[in-house]
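Once you've looked at the hints, go ahead and assemble the two chains, each given alone in its own frame, into the complex.
As given, the protein sequences belong to chains A and B, one line each in that order. Residues 1 to 418 in the UniProt record's numbering are what the first sequence lists, from first letter to last. Residues 1 to 219 in the UniProt record's numbering are what the second sequence lists, from first letter to last.
Simulated from the structure, these hints should not be mistaken for laboratory data.
Keeping only pairs whose Cα atoms sit at most 20 Å apart, straight-line, the calculated SDA-like set for lysine to any residue is: (1) B:59 / A:267; (2) B:58 / A:262; (3) A:167 / B:79; (4) A:214 / B:40.
Here are the chains, one letter per residue:
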Amino acid sequence: LRPHSCYSEAHNLSLRPLQLIDRLNLEVQDLKQEMVQMNQPFDSTSTQGAGYSSKLTRTQSVWLQLSLGDEEATRILQAQPPGTFMVRSSRKLMKKVVSLRMEDAAQEPVQDFPVQETKNNPVLEKAMHKCVLKPLKGTVLTALQEFQEKSGEWQQLKANLVQAKSKTPQELGADPAAAAPDPVTVEKIRHKFHTMFKMYSPEKKVSILLQICKIIYTIMEGSSGRRRCADDFLPMLTYVLAQCDLPQLDLEIQYMMELLDPSQLQGEGGYYLTSAYAAMSLIRSIQEEQAEQVLRSQTRDTLKQWHRRRTAQRSTPVIEDLQNYLRVALQDPDCSCTAKTLQVPPFCTTRDVCQLCASKFQVRDPESHALFLLTEGGAQQLEPDTLPQMIKAEIHSHPDVLPFHFVYRPLDNLNLRE
Amino acid sequence: MAAAGAGGAGGGGSRSHSFKVVLLGEGCVGKTSLVLRYCENKFNDKHITTLQASFLTKKLNIGGRRVNLAIWDTAGQERFHALGPIYYRDSNGAILVYDITDEDSFQKVKNWVKELKKMLGDNICLCIVGNKIDLEKERNVSVEDAERYAESVRAKHYHTSAKLNKGIEELFLDLCKRMMEFAQDNGTSQAQPSRRGVQIADDEPPAATAAGGGCCSSG
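If we strip away everything but chain B, and leave its shape as in the complex, we get (with noise of 0.2 Å):
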C-alpha cells in the first residue's frame, strides 16, 4: 500500500505481544485464587508473597511467539465499581468470573459486560468463567443459560476450578489466541505498547538506496 512505511517506526513484524488482561468479578468468586493458580500453580499455598498478589505476570510461547501477559486484579466489593475504568483502560482482554453457586455473582458479571461493551466496544476479548465447579452439587447458574449469555454477547465462557486446578490453563491459553488473532485482525501487530522512550532514527540503512532499486524499502 502506498507509503505505507511512513509509519512503521514502532517496531512492527515484533514476534512478541504483550497483552494486559483485567480480572473483574465479584469479591468472593475466587478470581484472585484462579490467577494465583495460573500463574504460580499454588492453591492457598503458606507463602511469602513479595508484590504480587494483586498484579502478575505469565510468560508463553504460543506457535513460536512470545506472550507477555499482566494480569490486573480489581477490587471486587461493590462500593468500588465506579473504580472500573481505570483499571481496565487500555486492555486487551477481560476475564470475568463468577460463582456457579450464587446466581447474584452471575448477574454481577452481566453488569460488568455492559459496562465492558459500552465504554470499549468490541475492542476487548470477553472471558465468562464459572468458577468452584469443584461444588457441582450447589449450583445455582444453569450452564445453558450462562453458555447462551455469552453467546450472545460474543464472550466465550469457561468452567474452572481453582481449587481442583482444572480449565485454568485452557481459558488463558485460549484467550491469548484470541488476542494474538484480534491484535493481527487490526493491524496492530503491535500489541506490544509502541515505546515512547528516546528513539534514534538509523536513517536511511546504507544498503537499501546502494543497489539503485525501486524496490520497497521502508523505515
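Okay, chain A solo, but in the shape it has when bound (with noise of 0.2 Å):
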C-alpha cells in the first residue's frame, strides 16, 4: 500500500481541502508572525486584498500537494522566493505539514511545520448549518407547531403567557430589591428575539439568548454592584419572557437544544438555554398549584426523551455512523486487531463487504473468512445476502444502543472472547 493512496478516494478529497483551510488560516497566521519577528516581510502578494481564507482557496490546486515527497518538495521550494509554501503529507512526521522556504540566511532552506488537524472542524461545520439547517428550518419549526397545535399544548402555553404576563416579578418569586426591565427594554429584547427567530444557526441564536441574558442581569444589578445569582435571575428570566409573550420562542429553544453541539450545551449557552427552557416551563405550569410547582409531566416526559438523545456521555455520531460507511475490524487468529472504515452503501450485501474486506485486508484466504456482528449477547455470523448497513440502522434505532461491532474474522476462530 502506498501511502497516498487513501487520498484518491473522492470522498475524503471533497472535504479534506477545507479541512486544511481552516486550520491553515491559523498556521500561516502564526508562520506570518514568525516572520516578523524574523525581519522578514512575509511572502507580500498573500497578506494584501483578500482574506487568508479565500487567497488559499482560490489557489489550492497550487499549495494543496499532499503526495509530494520530502527531497522533491525542498527541490522545488528552494527554487522559489522565501515565504513560498505548499502543504503536503510528510511521511517522515506521519502528518500533514506546511512547508515552507525560510529566508536565504536560514540554516534549511526548506523547513516542515507539522499542521495540527481537529476533529471539530467549525468551517465546514458552518458550511454544513448553510446548506442543511437554512433550507430546512422553516419546515422543522412549522412541523413542531402543527405538532403542538394538534395537542393542544401551543393553545396552552398562549394562554398561560396571558396570565403569566399579568404577573410582576415578586408574584414570579423575583428579589424585590432587583430592578426589572421597564417596557422600553422589553420591546428591544422582544426585537432581538425576533431578529434570533430569522436565524438558522444554532450557535448564533443562543449567541442573542446570552444578549438578552446579560441585559437582564445588567438592569437588575443596577447600581447596586451586587452580584445576581441563579436565585435571582430565573425569576427575573420568567418575568422577561411572559412579558415578550411570544410562544414561538418555545419552539426556538427546542431548535437550539436539539441542534447545539453537545459540548456547547455544558458551557455557558448550555446553562442560558437551560435557563430560558426552565423559565418556560415555569410559564408552562403556571395555572397548576402555586404551593408546589410541580413540572407537568409532560415537561419531564419531553425532557427524559431528549435527554436520551442529547445526553454528552452517549457516543455520538462518529464517521461510521453515517449511512454510507462501516466500521468493520479484521480479527486475526493470533486476536490482534485492525479496524478500518469502509464505504459501504445501504444496499451493499454481507457477501459484498466480505469481498470488500478480504482486498482491503489483504486476506488470502478469503473463503474462510466470515464478516460477524459482536454484541454484548457474542458474536453473530452474519448471512451472505443480509444488509449490513439495515443492521446497523436497526441497532442504532433503539432509544439505548449498546456497544456492537462489525468484525471479518477467520469461521475457525472459536476462541474469540467477547
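See the structure below:
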C-alpha cells in the first residue's frame, strides 16, 4: 500500500481541503508572525487584498500537494522566493506539514511545520449549517408548531403566557430589591428575539440569547453592584419571557437544544438555554397549584426523551454511523485487531462487504472468513445476503444503543473472547 | 480486547477533562458566594459583572491533566425545586450546600441527595458542604451528624467559609480528583463530551498498513 493511496478516494478529496484551509488560516497567521519577528516580510502577495481563507481557497490547487515527497518538495521550494509554501503529507512525521521556503540565510532552506488537524471543524460545520439547516429551518419549525397545535399545547401555552404577563416580578419569585426591565427594554429584548427567529444557526441563536441575559443581569444589578445568582436570575428571566409573550420562543428553544453541539450544551450557552427552558416550563405550569409547582408530567417526558437523545456521555455519531460508512475490524488468528472504515452503501450485502474486507485487509483465504456482528450477547455470523447497513440502522434505532462491532474474522476462530 | 477500536473515534486518551458540576442548596446558604470565591477569589466585591453570575468556569491542572469545570448554579427557592432535573442532568458532580446555623437547610440537602440518588444513581460525585463556619458559635447542625449522614450516602463532607475563604480550594480539588477517578473507572476517559460536529475520518492512516504487521491499529 502506498501511503498516499487513500487520498485518491473521492469522498476524502472533497472534504479534506476545507479542513486544511480552516487550520491553515491559523497556521499561516502564526507563520507570518514568526516571519515578522525575523524581520522578513512574509510573501507580500498573500497579505494584500482578500483574506487568507479566500486566497487559500483560490490557490489551493497550487499549494495543496499532498503526495509530494520530502526531497521533491525541497527541490521545488528552493527555486522559489522565501515565504513560498506548500502543504503536503510528510512521511517522516506521519502528518500533514506546511513546507516553507525560509530566508536565504537560514540554516535549512526549507522547513516543515506540522499542521494540527482538529476533529471539529468550524468552517465545515458552518458550511453544513448553511447547506442543511438554512433550507430546513422553516419546515422544522412549522412542523413543531403543527405538532403542538394538534396536541393543544400551543393554545395552552398562549393562554398561560397571557396569565403570566399579568404577574409582577415578585409574584414570579423575583427579589423585590432587584430592578426589572421597563417596557422599553422589554420591547428591545422582544426585537432581539425576532432577530433570533430569523437565524438558522443554533450557535448564533444562542449568542442572541446570551445578549438578552446580559441585558437582564445589567438591569437587575443596577447601581447596587451586587452580583445576582440563579435565585434572582431565573425568576427575572421568567418575567421577561412572559412580558415578551412569544409562544414561538418555545419552539426556538427546542430547535437550539436539539442542534447545539453537546460540548456547548455544557457551557455558558447551554446554561442559559437551560434557564430559558426552565423559565418556559414555569410559564407552562403557571395555572397549576402555586404552592408546589410541579413540573407538568409532559415536560418531564419531553425532557427525558431529549436527554436520551442528547446526553453528552452517549457516544455521539462518528463517521461510521453515517449511512455510507461501516467500521469493520479484522481479527487475526493471533487475536490482534485492525479496524477500517469502509464505504458501504445501504444496499450492499454481507457478501459484498466480505469481498471488500478481503481486498482491504489483504486476506489470502477469503473463503474461510466471514462477517460477524459482535454485541454483548456474543458473536453472530451474518448471512451472505443480509444488509449490514440495515442491521446497523436497526441497532441505532433502539433507544439505548448497546455497543456493537462488525468483525471480519476466520470461521474457525473459536477461542474468541467477547 | 476484541474489536476495541471500533468505537474509538470519540477522541479517547485525551489529556483533558470537562466536568459539569451543579450547585444545589437553599437560597440563603451562601452557595453563590462559595463559587464566586472559588472562581474569582472575590467575596462580596463591588464588581461589575458580565454574564458570569450563575454560570462559572474554572480551569485547573491536576497531575498534568487539564480540567475544565463548568459550575451551574440553581435557583434555591422551594418553588423552583421541580426544575432540578433540567439543571442537574448530565452532571459529573453535585455540591450540596447547607448553612451550619440552619438545621432546615441541612434537611433540604438530604432531600436533594435522595432525589439525585433516585434519578442518577451512583453516576454522580456528591459533596455535602456545611458553609458559614465563621459562625461556629451559632452552629445548629452537629459535625458528627453531618459527617455520619454524608458517609451513609457515600458523599464526602466538607466545611467551608466563603467569608474567610476557608476549605473552598480543598473542596473543589477533591471533587475534581474524584470525578477524574470516576471517569477513568468507567472507561469514559472522555468525560470530555465527544464532539458531535462534522467529523472527517482520517481513514487508514498511511503508516499502520505499510509495514504488513498484525499489530493493533485501531482508529
